[in-house]
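Chains as they are written, first to last, in the numbering used here: chain B, 1 to 47; chain G, 48 to 340.
For the record, the hints were derived by calculation from the structure and aren't laboratory data.
Note that the structure is a prediction, hence the values are computed from the model and not measured.
Cβ coordinates follow ideal geometry from the N, Cα and C atoms, glycine included.
Check before you lean on any hint, since a few could be wrong.
[What the hints assert, rightly or not] What follows is a list of derived Cβ distance ranges for each label pair:
| no. | chain 1 | residue 1 | chain 2 | residue 2 | range |
| --- | --- | --- | --- | --- | --- |
| 1 | G | K50 | B | F22 | 39 to 47 Å |
| 2 | G | V176 | B | A21 | 24 to 32 Å |
| 3 | G | Y172 | B | R26 | 28 to 36 Å |
| 4 | G | A179 | B | G27 | 22 to 30 Å |
| 5 | G | A192 | B | S3 | 45 to 53 Å |
| 6 | B | I4 | G | V282 | 23 to 31 Å |
| 7 | G | T161 | B | F22 | 28 to 36 Å |
| 8 | B | A21 | G | G236 | 54 to 62 Å |
| 9 | G | V180 | B | I4 | 21 to 29 Å |
| 10 | G | Y172 | B | P5 | 25 to 33 Å |
| 11 | G | K50 | B | P5 | 32 to 40 Å |
| 12 | B | R26 | G | P156 | 47 to 55 Å |
Here are the chains, one letter per residue:
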Amino acid sequence: MKSIPRYVTFCLLLLALASCAFGVYRGEAVIIFKKAVNICLECIGIG
Amino acid sequence: MKKHRLARKAVQFAAGLLQNANLKGFLAGTIYKGPLKHFCVPGMNCYSCPGALGACPIGAMQSLLDGRRRKFPFYVVGYLAVIGLLVGRFVCGWLCLFGLIQELLYSIPTPKLTVPEKADRVLRYLKYVMLAVMVFALPFFFRSAMGVGDPFFCKYVCPVGTLEGGIPLVFGDPSLRSAAGILFNWKLGLLLLCIAASIFIYRPFCRYICPLGAFYALFQRISLIKMTCDPEKCVHCGACARVCKMKVDPSKDPCSPECIRCGDCIKTCPQKALSVSGGRFSVSRSDENTVKR
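Here chain G stands alone, though its shape is the one from the complex:
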């Protein structure tokens, strides 16, 4: 299990570094302007981060829906749907830098909070509201007096932009620093709240706020690669549910929209009942190799 968790951290770190490989941008206080910015990255990664090589899919979606253009974002929706249909929320568990940051914060040894089940169940829907209202509806329908649309989620909520773009750019550039006002303080407050919550609650942004996670979650039950539980092997011991930090019970619902496919449950299952399957192939703990069904 320890080896598996270390491997996942290594993949998360490598993915974060790869998506933010323009390291000289942090020193110069500038952003990358090359052709790779035509493409979106799979995880939440602000395109105004000095290191970012690609575009943020949520920001890109809003810039197309912007009240001035009112274009349905076929490119981004299609791109994200391809990822969702292939691997579901695997991106959340393995490739998202902000997910890694929250996990590292959660590893700080403090007493941990358990969100009451009822509240947790309700709060999980908030991310779908964020996707529908803040990412799609408001940028599409709202237009300011000057005819300009706003990327509502990025502007008023997204702590990723504040952390990856806002802090390095605003604190590194005196002109931007002088322009920072109430909005910056609001977003900084949200970021600090998110950081504080992440120390006590496992990945609170991913569980309750992230619109990208909500989008991928829509495909979780129909993705090509998915989790499966063999009912003949499962003895309902509950070991998988206890190890799952996203509060999913994989023995009852292996394709839950909340599952980020970290794979901890597969490694924990004493009966080797859980596996990841895709098409004609499956990988489980019993063989560790890809085998034909």
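Same shape as in the complex, but just chain B:
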């Protein structure tokens, strides 16, 4: 199988970091925090 050039990985890595930063910028970490500090009834099987 032809190997993928390493610069492709580095470009994707930059893109992933940018995506992560953009998500934090638009408040996704806060939404996750609000979900995670309350018992997730769906996760534990209550519904």
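Using the hints provided, position chain G relative to the given structure of chain B.
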């Protein structure tokens, strides 16, 4: 080899403990509510586990995709992509607590089952279906009459949530216990099935169901740190394929999406043909040290 396996177990145990260090939560029947819950952990670890310090990436993804918000989860996808691009499925083999639990169950001395090759090949795709349908599509498109979206994977499938969150909380809290009904029994049944299967089949959840493993697997061939096989050293003796419990043949496909990078094959190879490489550096059994290429 024994030393390597013990070291891996120690790392898995330490990672599991670190991700669930709120031990007093188990006694109090409560969950951690501190600022660390802004961050996702790298492995499958339910955020409703009383010990959990971080958020579950799969649960977090679904809560953002939730039909009410319909936000693409840039933060979680970016975070998981960074891990995948750096180390691929290394997280599955070394840092996932549920993976460790399945391995411990498999170590119970019983006759083991071999999934027929054809069925195994088909079932492996199920985890990608779980990722695409249960984690992405259904939470995004489906909205109940009240306008509320559901985290479909967490709600109807995930045995991790039942084991780490459901059992300690439901059995420790009378009000939650009284609220437990058909859904809880369904999830408990799935957990018991997963436990029973893990005794006879090596890591069945990771191989066939886990959407997080499926996500990391997408980056396996392009990750910075990857397995390599030196064709000049390899004599195709098959020792690596025989030792691999994930049913991968590293001599033919060292970057297989199914490989959890446990490293057993590297330790087994009599020709020292297999190694882990990353950028300008590689580690193989022949030197045990990091050397410049």
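- Any of the earlier hints contradicted here, and which numbers? 7, 8
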